[in-house]
Amino acid sequence: MHLAYPAVLAALLFCVGLYGVLARRNAILVLMSVELMLNAVNLNLVAFDVWLRDTLHAGQALTLFTIAIAAAEIGIGLAIVLMVYRNRGTSDVDKLRDTAEGHGPEAETTEAPAHTTEAAA
Amino acid sequence: MTLAITAPLAASAPQGFLSPTGVEIAFVLVGIATLAAAIVTVTTKQLVHAALWLVVALGGLAVEYLLLTAEFIAWVQVLIYVGSVVVLLLFGLMLTKAPIGRSPDADSGNRWAALTVAAASAAALVWVVVDAFRTQWIDLDGAVQGSTEVTGSILFRHWVLPFEALSVLLLAALVGAIVLSRKNGDSEPAPDGTTQPSTADKEQR
Amino acid sequence: MTTTTLAVLVPLLPFLGTVAGLLLGRKAPGFVRPLAILPTLTALGLAVVVALRHGGDGPIDAATQLTPTGSVPIELALHLDGFAVLSAVLVGVVASCVQIYSTAYLREDPRYPSYAALVSLFTAAMLLVVYSGDLMVLLVGWEIMGICSYFLVGHYWETPEARAASLKAFLVTKLGDVPFLIGLFALAADAGSFRITTILGEVTAGGLDHPTVIALLLLAGVAGKSAQFPLHTWLPDAMAGPTPVSALIHAATMVAAGVYFVARLLPVFAASAAALVVLAVMAAVTMAGSALAALAQDDIKRVLAYSTIGQLGYMTGALAVGDRGAGAFHLLSHGAFKALLFLAAGVIIHAAGTNSLAAMSRMGGLKDRVPDAFWTMTVALLALAAIPPFSGFFSKESVLAAAEHTATGHSESAPATAGWIILVAGLVTALLTAAYATRLWLLAFRGQGPAAPDHGRQPLAMTSVLWVLAIPSLTFGLTYNLLPDWFDGHELTPTLTTSVLSTGLALVGGVVTYGAWRHTTAMAARPPLGAVAADPTAGPAETEATAIATHTPAYGSIAEAPDSADPGRLLLGPLHSVAANGFHLDALYTALFVRPTQAAARLVRFLDREVVDTYVRGAGNAANLLGVVVRKAQTGNVQTYLSALLAGSVVLAVAAVLVAAGA
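Chains as they are written, first to last, in our numbering: chain A, 1 to 121; chain B, 1001 to 1205; chain C, 2001 to 2663.
Treat the hints with care, since some could be wrong.
Pairs of lysine-lysine, DSBU-like flavour, derived with a Cα cap of 30 angstroms [stated by the list, open to error]:
(1) B:Lys1183 / A:Lys95
(2) C:Lys2367 / A:Lys95
(3) A:Lys95 / B:Lys1045
Worth flagging that the hints you see were computed from the coordinates, not collected in a lab.
Could you put together the complete structure from these sequences and hints?
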């Protein structure tokens, strides 16, 4: 099989995930996009492992580790998102602007629920 | 331009682009489906649908692993990603009271910048990858690369120490997730803003 | 002990007295008075011993080089000649008298310890100037005197007059000191040494390249220190200091330093005829102008101050005609009687409770109240007016004789022009001096009206020194035939022509003033004028400070009083007001120097604030503006940051790939 097929597929998948990370508003959707990026990397690892015929199978072992770490990451990430949601009433990443110039955290907490209400309606 | 690649195995099977094998055709077709599912995942306006399309994309990737003879990883992929991660994500969506149905503001205002960056990096990556690997072929006909037996043997023969370290990491992540998501209600009263939209959400559901 | 050791001890003792006084002044007030008087008295004794050992023989020189300077060497050197030893005795006598007098005069002053220490320091500095054989060391003493003068004039710093006067004294003398310093360097560069003996040797050998420039530069410093026209304006104002300070600094010693300096380096000045003529013109203008101004002053101390300026004019005049013996002779006799005049004036001010002559002329019986001051002041005024056989007569005659000698072309060093200028100005000034001395005496002691308030008997410490100083005022002139041995050997004996002329003029001046006084006293209705503000029970220093502070509010001016009974007003006519204000020189300086300087300062301030600061502010604002623009990027949206980061990574990666591929 031509090596370019998995490599190109992995690259495209990675960029799709990238777009999701940068463009999605909901933090959970951002996490999904991160999963896509991780999977693109996994595909690369597997493909190159097979291509190189590595006797240690470093690519596949690393893929397994990545999957495990991704599972841990998604668990922690969701916990964080849940906590943010609980504190702020929203999980939209572009509403979390505490580091912005001239914005205090107080302003955000009062502004955020209004937005959620709008979104719900 | 040409990137010089010194491959340890000069795989020079006499195939070309214009004479694809059956495996290649299957790979490309599944790849297209996977890519399409991924694109829908990151563009759909319905949040729950995004999770479901993610299932399709991850499943497609599992098929690709099978095609690359990485059998064990394919099943792990199905088990962990499709089985647990997506379920976890769905739970997350529910717990954060994500709206069901089309939400017009699923994408942030950063979309065009994101599109530009993603397209640029895609172009750069595809160009580099294609340019680098256009004369390389994977030999799928030799010994099986990713059977459960092979994977098990190398994992517990050569990679056992990282494997054990990983278990510690997973344990730490487990504890961390529990600590983070535990509701310590008496520490501080929930702000008014959190309760009002939740009731509104419930009514809507 | 050798003469050199003794001579070293002379300036050292008052200096140690200063240190001890400053250290112990606060902790042990009982030691302050002994520490002030004893070192000065001892220094006087040693100075007398040095003078006796010197005995009018050749100069004694001693020098030690502390450390090599790399270029022109600076040495701790003594140069004891007749001028030096006699001047040192004068300084010692006056300083001792002033210290004793001050113990009584400032007996209630809380700042007496620092005052006494400063007077001691001043004495030490003056003695250093007198004995020093090296110009750099001399300059050290010279500048210490300047700063001491600043502090002592400002002793009553609570009054604005004293503050202004001390600043003025400091700035004006420093104005002269800058060219003086440059002149010293130029002189040392030309002569290759700071040693006076070496320099004089060079001058005799004709080794000076720019004698005129050097002499004129040095003259500026001399004019500042010795209060010569046009830098004399600080001296009348410096009368805002306590009377003993006026007696010590502004009559007998500090102002004498300039004259003494010229006397020391006379060959340098004599090397340039132009410098001598300038010196003569300076002296002539100073004498005549100050005598006119003295005639118009109302403050008794300002009269004496202007008279000091005038007498210093005689000394510089003597130097201008190249006779330093006559100059030094007048310096010594004048130092004695002028110190006496000031100290007596202090007693009178205390007794009368005012420093205004107009107020004194409306008091009866002042002379009975202070008989010591009356008699000694009469002696001193006669000496000042140069009436024979008082000391002033002989010394002034020696100056006039020297001038006549030069004018008739008998001098080898000085131009005849200088002689004529000095002779004419000296004779005119002799007339005026007698006039203002008579006026002072008449107004102070022949006043009519209610009796002066009783301030009690004057302290012995104050009256006794008057008699001590009266002795040289009476008799010092008779030593005229001994002194040439100590000086250059020029004859100091009065000549018949000038004696008759000047004594006649002085008598005319006295008689005319007396007539004018009789006239005005008879004519004027004697309206009550002013009031004595001082408390009769107050100490002398406090009385004087009050008198100085109330003069301007009471009479409208620090210098004059609207007294129609003043003979000076009749004699001077329309000139009176001008003369009282020192010929408006201060106003002239204000218009010529102060205003342009202030305008330049305003211009600089404008340039700094409006022009330079614009750039500074512009730089700041530009940075601010940039900051505002950059701040806009800080949206707080993580996705934006990440987009920028990744875009940058892509660009970098592509660039890296292109570079690696060699495109």
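Against the structure, the hints come out as follows:
Restraint check for Lys1183 (chain B) and Lys95 (chain A): satisfied, since their Cα atoms lie roughly 23 angstroms apart, inside the 30 angstroms limit. Between Lys2367 (chain C) and Lys95 (chain A) the CA atoms are separated by roughly 101 angstroms; this puts the pair beyond 30 angstroms, and the hint is violated. The straight-line distance between the Cα atoms of Lys95 (chain A) and Lys1045 (chain B) is roughly 18 angstroms, inside the 30 angstroms bound, and the hint therefore holds.
Of the numbered hints stated above, the single one contradicted by the structure is hint 2.
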